[in-house]
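S.K.: Same order as they appear, the protein sequences are chains E and X. Numbering of the first sequence is given in my numbering, commencing with residue 399 and proceeding in unit increments. Numbering of the second sequence is given in my numbering, commencing with residue 12 and proceeding in unit increments.
Some clues are possibly wrong.
Some but not every residue of chain E turned toward chain X, in silico, with C-beta under 7 Å [claimed, not checked]:
1) A401
2) P405
3) V434
List time: in silico DSS-like cross-link candidates among lysine-lysine, alpha-carbon distance up to 27 Å [as the list claims (entries may be wrong)]:
4) E/K539 to E/K416
5) E/K522 to X/K30
6) E/K448 to X/K30
7) E/K433 to X/K30
8) X/K34 to E/K522
9) E/K448 to E/K522
10) X/K30 to E/K513
11) E/K539 to E/K513
12) E/K513 to X/K34
13) E/K416 to X/K30
14) E/K416 to X/K24
15) X/K34 to E/K448
16) E/K448 to E/K416
17) E/K433 to E/K448
18) E/K539 to E/K522
19) X/K34 to X/K24
20) X/K34 to E/K416
21) E/K416 to E/K433
22) E/K433 to X/K34
Coverage of chain X stretches by chain E, computed from C-beta distances (three or more under 8 Å per stretch; other residues unrestricted) [as the list claims (entries may be wrong)]:
23) 19-31
24) 38-44
Worth flagging that the hints you see were computed from the coordinates, not collected in a lab. Just so you know, even glycine gets a beta-carbon here, dropped at the ideal spot from N, CA and C.
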Amino acid sequence: MDAVTYPDMQVSNFIIDKLVPLRVPVDSPLAGDFKVTWTPTLVTLDFYGKEHHRTVGFLSPEELVPSLILGMGKTDFDSGDFNDAIVHFNTLLNGYPRSAAAPEAIFLRGVSRYKASHDAGALKDAYQQLQAGYPESEWAKRAHPYSLL
Amino acid sequence: MAQAIPWENDLTKALARGKAEHKTVLLDFFNPG
């Protein structure tokens, strides 16, 4: 991460603008609190310290930024701020549609739209988008029941 | 030239900044080598 990803200008600008970056060695007590056993482990926290998203292992610059956006969206999603979550998921999907984070963003955007509107069509739309663009993803499989709506 | 990321190293301070700046916190556990 130090050699490739963090020196990338888009990555560093994104982190500086959008997040509070905190770095802790894996042999610190905090790593035990979060049950971290391997590096790099990246955790997205809300300002109460509650975890909402985690990745383990190297991420390229092209994958880190969408993963961070996914974490921001999941923070809003878990807090019930569904319209704010949708904004983050849209940002991810418009900017990084082929990233590894994209299928989960489609799934959670569909759920967010449903939670905000109570329109079950949002779930079926998410299923159809996953089937069309990411049919082999685990999120397409998880969305399969929505095909029946 | 990319800006160096100004990492915090204290959780309490980072959470306080997150609250004040309405930002989520990115916590990176790294191997100091």
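S.K.: Is E/K416 close enough to X/K24, meaning Cα to Cα at most 27 Å?
M.R.: holds, 17 Å
S.K.: Is it true that the CA of E/K448 sits at most 27 Å from the CA of E/K522?
M.R.: violated, 31 Å
S.K.: Below or equal to 27 Å on CA atoms is what counts here, so check X/K30 against E/K513.
M.R.: holds, 26 Å
S.K.: For the region 19-31 of chain X, do at least 3 residues have a Cβ located nearer than 8 Å to some Cβ of chain E?
M.R.: holds (count 10)
S.K.: Would the pair E/K433 and X/K34 pass a check requiring their Cα atoms to be no farther apart than 27 Å?
M.R.: holds, 24 Å
S.K.: Straight-line Cα separation of X/K34 and E/K522 no greater than 27 Å?
M.R.: Since the Cα atoms of X/K34 and E/K522 sit roughly 32 Å apart, the hinted pair is violated (cutoff 27 Å).
S.K.: Mind checking the alpha carbons of E/K448 and E/K416 for me, to see if they're no more than 27 Å apart?
M.R.: holds, 18 Å
S.K.: Straight-line Cα separation of E/K416 and X/K30 no greater than 27 Å?
M.R.: holds, 13 Å
S.K.: Take a quick look at whether E/K513 and X/K34 sit within 27 Å of each other, Cα to Cα.
M.R.: The given pair, whose Cα atoms are some 23 Å apart, holds under the 27 Å limit.
S.K.: Assess, step by step, whether the Cα of X/K34 is no farther than 27 Å from the Cα of X/K24, and give holds or violated.
M.R.: holds, 13 Å
S.K.: The hint names E/P405 as touching chain X; please verify it with the least Cβ-Cβ distance against 7 Å.
M.R.: holds, 5 Å
S.K.: Are the Cα atoms of E/K539 and E/K416 separated by 27 Å or less?
M.R.: Violated. E/K539 to E/K416 sits at ~32 Å, over the 27 Å cutoff.
Violated hints for the displayed structure, listed by number in ascending order: 1, 4, 5, 8, 9.
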